[in-house]
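A.B. asks: Chain by chain, the residues:
2 protein chains.
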Amino acid sequence: ADEGTRAAAARRQDSLTKPPGSLGRLEEIALFMAAWQGNDRPRIAKAQALVFAGNHGICAQGVNPFPQEVTAQMVANFEAGGAAINQLCRVNGADLSVIALDLDRPTADFTAGPAMTEAETLDALNRGAAAVDPQANILTLGEMGIGNSTISAALCAALFGGEVADWVGRGTGSDDDGVRRKIDAIARGLARHPGLAPIETLVALGGREQAAICGAVLAARAARIPVILDGFICTAAVAPLFAADRRLLDHCLVGHVSVEPGHRKLLSAMGRTAILDFDMRLGEGSGAVLALGIARSALACHNGMATFADAGISGA
Amino acid sequence: ADEGTRAAAARRQDSLTKPPGSLGRLEEIALFMAAWQGNDRPRIAKAQALVFAGNHGICAQGVNPFPQEVTAQMVANFEAGGAAINQLCRVNGADLSVIALDLDRPTADFTAGPAMTEAETLDALNRGAAAVDPQANILTLGEMGIGNSTISAALCAALFGGEVADWVGRGTGSDDDGVRRKIDAIARGLARHPGLAPIETLVALGGREQAAICGAVLAARAARIPVILDGFICTAAVAPLFAADRRLLDHCLVGHVSVEPGHRKLLSAMGRTAILDFDMRLGEGSGAVLALGIARSALACHNGMATFADAGISGA
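Sequence order for the protein chains is X and W.
The first sequence begins at 1 in the numbering used here and counts up by one.
The second sequence begins at 1 in the numbering used here and counts up by one.
By construction, these hints were calculated from the structure, which means they are not laboratory data.
Accuracy of the hints is not assured; some may be wrong.
[Stated by the list, open to error] Derived coverage of chain X by chain W (criterion: at least 3 residues anywhere in the stretch with Cβ under 8 Å from a Cβ of chain W; other residues may be distant): (1) 6-19; (2) 62-70; (3) 125-136; (4) 229-238; (5) 290-300.
Note that the structure is predicted; figures quoted are calculated from it, not measured.
Just so it is clear, CB atoms sit at the ideal spot from N, CA and C, and this is done for glycine as well.
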């Protein structure tokens, strides 16, 4: 991030017609955008929303009540404009692209072996990176994939430790037996793949949409594009990057905190506070795109307000 | 509220292509809007943002570091388009009207007598009610008035009790001495006006913009227009209505929770949770208009999403 630009943006904030600091988190978002865009008047002329979809061999362990066909059906729904993410992108001004990653070829069941090969992981990383529009001023990330709350809990347990059960929630709607199956499958996966380095964890326990999200985050960093992550699954997807070097996520905000219980625990482990807390648990990038609307408001204030000098307002 | 319409809207939410309940607070907002508009497909074709401004005799007690002229200067800034509220209304699609209430004639100092006469209070109530556009689909409320965080703390202490100091914060930027002067002035005001009924409290301790906000809330109720309140000062303005009959605020949401410490305490006393928590403390209706953007997203999902039947998605 460009700290000189951040300081210039902070000076502008303090000159605007409001008590200093009174726009709170909106001011922080404006300074963050300034620093990463390298522009003390940061802008959102083009916002890109990317949604990556993948399927998961771990579904063989009965971790999700829905069939894997739902992933492709939801991708078709995204393409037809009928999903929540379509409506949210329209209202908040994001250009949506949906990238289905080999849905007819799920990853392998991680209780039996690595979920992906290194080549598959690298391919998904590259497809994620290639999807980023270098002209975008901000990028929101999201995902769809039946079974991927199990993948996310497995990544978190492997990278941050703790009780497996503390990372597991109901996902799209597991009952108590389903939650027990998730915990059991993850425990067997962790036993099968001990002592992995961060990126090896992504290979052994992750999935294609997780790898693609990592690739998009890295490509955005290279292009100085600020990123808004979505909820539990999207944040867990980049946890291997955080574990490798936490500075890799410095250009990312977290759009919302999910009701999926692992998310609050993960944000705490990463030292992050989400922008919104709306009891959501949908995925698709929905919380990230809602937070994009907040970022638009933050920049409108930063760029559009009069200064005290302009407006002739008396000081204290 | 129309509970039949709320139930119809809830049935629609459960038919949409998402796990039931997964849009969390967005679903609650959609049902709230449906019930108050009496329309199971609630809409925001016209959003009105009202900002009321007043001046306060309590400033004679040194409760605010800024001169009262700042109120009129900020009204001029609103009219010129240079304030935060102007930018937020543009991004979130609200029509802004600013109503300055006799700024050259501040209320009386409540440590010496009642802040307003009954006639002045009624006049401000009526001007607030008259400002509501009966064609609006949603109304956001806000205020501007040097000294009005003292007014707000006084109203809360009179209506809900507790230690005066617990209702008092730094407002636009009081130092420790300024905070002590606020607490002392309020304590003397409470001693001067003991045992008042809720609406008498508004007369004795309130101000014109507080009365106008009450009038606007009541007029919106009569026209079935849902309302979004702003932060501490706006919520404290309607506390006399809450104390008179808490159902009078059933058609109101609270847009954000302010860092002004009295607000969290007031929301707790009223049993409310704000939509946003952004460490803001600006007023002007800024938090309410930000929350309007969230309501737009909530209704876009409610009205625009495909149902499971439309999209041909498999069940669990």
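A.B. asks: Taking beta carbons only, do three or more residues of the region 229-238 of chain X come closer than 8 Å to chain W?
C.D. replies: It is violated, with 0 qualifying residues against the three required.
A.B. asks: Count the residues of the region 6-19 of chain X whose CB lies closer than 8 Å to any CB of chain W, then report whether that count reaches three.
C.D. replies: holds (count 4)
A.B. asks: Counting residues of the region 62-70 of chain X with a beta carbon closer than 8 Å to any beta carbon of chain W, are there 3 or more?
C.D. replies: Coverage by chain W holds for the region 62-70 of chain X (5 residues, Cβ < 8 Å).
A.B. asks: Taking 8 Å as the C-beta cutoff, is the stated coverage of the region 290-300 of chain X by chain W satisfied by three or more residues?
C.D. replies: holds (count 6)
A.B. asks: Taking 8 Å as the Cβ threshold, is the statement that the region 125-136 of chain X is covered by chain W upheld or broken by the three-residue rule?
C.D. replies: violated (count 0)
Checked against the numbered hints given earlier, the structure breaks hints 3, 4 and satisfies all the rest.
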